[in-house]
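Q: Sequence:
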Amino acid sequence: RTSIACFVDVPLEDVEVSKNVSTAAYRILQEALTNVFKHANATEAHIVLEVRARMLTVRISDNGSGFDPDSLPEKASLGLIGMRERARLVGGSLKVTTRRAAGTRVLARLPLGPARGPAATPARGGAIGGRGYTRTRGKA
27 RTSIACFVDV PLEDVEVSKN VSTAAYRILQ EALTNVFKHA NATEAHIVLE VRARMLTVRI
87 SDNGSGFDPD SLPEKASLGL IGMRERARLV GGSLKVTTRR AAGTRVLARL PLGPARGPAA
147 TPARGGAIGG RGYTRTRGKA
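Quick note: the sequence shown uses the working numbering, first residue 27, plus one each step.
Possibly wrong hints are sitting among the right ones.
In silico DSBU-like pairs for lysine-lysine, Cα to Cα no more than 35 Å straight-line [as the list claims (entries may be wrong)]: (1) K45 to K121; (2) K64 to K121; (3) K64 to K45.
Note that these hints are calculated values from the structure, not bench results.
Can you build the whole structure from these sequences, using the hints too?
A: As structure tokens, this is what we get:
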């Protein structure tokens, strides 16, 4: 456990998400939060999931120390490379913005439709459901 306060905003409407997109979103979120925990020296992390124009947007931001992406050693940048690759493999994109002492923001945009073939099968829990948005706060 950490002492990082986590704020989460997720849509409550039912949205069908393919297994591939669901897995990509989960792994990108997992890697981004791991980086917050290991490297950011943050006290807060914010996670926002949005659905607009058949795109799932996953936004993770922190109030940590930030970093200089150009000065990362190759081994340290593997997580960022992996997140970009996961987004690209499902037809999406990933953008990382950061500045020293100003935190980091990871923005993944992943396409939702039209799903075809085995990847079109909703993942377990692959529907994001309800109406409106829900906000939660907790400590990780």
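Q: Could you run down the list of hints and mark each one as holding or not?
A: Checked hints:
no.: 1; hint: K45 to K121; in the structure: holds (22 Å)
no.: 2; hint: K64 to K121; in the structure: holds (20 Å)
no.: 3; hint: K64 to K45; in the structure: holds (28 Å)
Of the hints listed earlier, there is not a single one the structure fails to meet.
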